[in-house]
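Engineer: Sequence:
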Amino acid sequence: MTTAAALTLRPATTADAPLLAAMHAASWQATYRDLLPAAFLEQEVDAERAAYWRARMEAPGEERRLVLIAELEEQSAKRTPVGFVCAERQPGSPWGVLLDNLHALPAHQGIGAGKRLMQAAQAWARAQGETQLYLYVLEGNASAIAFYERQGWEYSGAEPDHMGGIDITALRYVYRLDTA
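In the numbering used here, each residue carries its 1-based index in the sequence shown increased by 97.
Rather than coming from a laboratory, the hints here were simulated on the basis of the structure. One should not assume that every hint holds.
What the hints assert, rightly or not - Below are the SDA-like pairs computed for lysine to any residue, each with C-alpha atoms no more than 20 angstroms apart in a straight line:
hint	residue 1	residue 2
1	Lys212	Ile265
2	Lys175	Leu106
3	Lys175	Arg247
4	Lys175	Glu139
5	Lys212	Thr128
6	Lys212	Leu169
7	Lys212	Glu141
8	Lys212	Pro191
9	Lys212	Ala174
10	Lys175	Glu159
11	Lys212	Gly261
12	Lys212	Arg247
13	Lys212	Ser190
14	Lys212	Phe137
15	Lys212	Gly189
16	Lys212	Gly158
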């Protein structure tokens with residue numbers, strides 16, 4: 098007999114910084130293997146993401162930020178982290194709320210975690226009185242682009258960026274929130 102698992106979302110805390118970093122690095126290592134240098138993904142990304150999330154979760158302004166962790170909760174009460182989202186209000190931004198991170202771990206893609214996390218970020222932004230979200234996705238990340246477009250996000254421009262020691266292009270997508 099198999100046990101059913103439920104997908105739940107919970108707010109991340111400062112203590113979750115190592116977990117967020119590990120999930121972020123694992124996601125990049127799987128997703129960006131053809132987009133970023135192998136040396137960066139194999140030797141640097143873990144430490145780089147650990148420093149990033151430690152600083153981010155300790156930074157002031159948490160009232161402008163939403164960080165949620167998606168977990169599969171089985172009947173045995175075991176909780177397995179499967180992804181996370183980070184959204185942040187950007188005062189003065191013409192684009193609205195930044196959906197800065199949305200990651201579902203590769204082994205758990207397709208179970209609805211990304212969609213649930215995105216919907217939670219949209220609901221949070223709407224509750225903040227915002228009318229739009231935006232995100233950046235690396236040019237060449239075809240699966241993420243297809244996912245965002247299926248969810249109603251629209252391409253709105255490209256910007257140069259620098260990641261993993263190389264110059265890249267980040268595509269900006271926007272999502273208009275219904276106000277009803």
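Engineer: Taken at face value, is the distance from the CA of Gly158 to the CA of Lys212 at most 20 angstroms?
Structural biologist: Measuring from Cα to Cα gives roughly 26 angstroms; hence the hint is violated.
Engineer: Is Lys175 close enough to Arg247, meaning Cα to Cα at most 20 angstroms?
Structural biologist: violated (32 angstroms)
Engineer: Check whether the Cα positions of Lys212 and Ala174 lie no farther apart than 20 angstroms.
Structural biologist: violated (23 angstroms)
Engineer: Please verify whether Lys212 and Phe137 have alpha carbons no more than 20 angstroms apart.
Structural biologist: violated (29 angstroms)
Engineer: Are the Cα atoms of Lys212 and Glu141 separated by 20 angstroms or less?
Structural biologist: violated (29 angstroms)
Engineer: Does the structure keep Lys212 and Pro191 at a Cα separation of 20 angstroms or less?
Structural biologist: violated (25 angstroms)
Engineer: With the threshold set at 20 angstroms, check whether the alpha-carbon distance from Lys212 to Ser190 stays at or below it.
Structural biologist: violated (24 angstroms)
Engineer: What's the verdict on Lys175 and Glu159, does the C-alpha distance respect the 20 angstroms limit or exceed it?
Structural biologist: Between Lys175 and Glu159 the Cα gap is close to 28 angstroms, so the pair fails against 20 angstroms, i.e. violated.
Engineer: Verify the proposed pairing of Lys212 with Gly189, using a straight-line Cα cut of 20 angstroms.
Structural biologist: Not satisfied, since the Cα-Cα distance of roughly 27 angstroms exceeds 20 angstroms.
Engineer: Verify the proposed pairing of Lys212 with Ile265, using a straight-line Cα cut of 20 angstroms.
Structural biologist: violated (26 angstroms)
Engineer: Between the alpha carbons of Lys175 and Leu106, is the straight-line distance 20 angstroms or under?
Structural biologist: Given that 20 angstroms is the threshold and the Cα spacing comes to 14 angstroms, the pair holds.
Engineer: Under the criterion that the straight-line Cα-Cα distance not exceed 20 angstroms, is the pair Lys212, Arg247 satisfied?
Structural biologist: OK: Lys212 and Arg247 at ~10 angstroms, within 20 angstroms.
The structure does not agree with the numbered hints 1, 3, 4, 7, 8, 9, 10, 11, 13, 14, 15, 16 stated previously, though it agrees with the rest.
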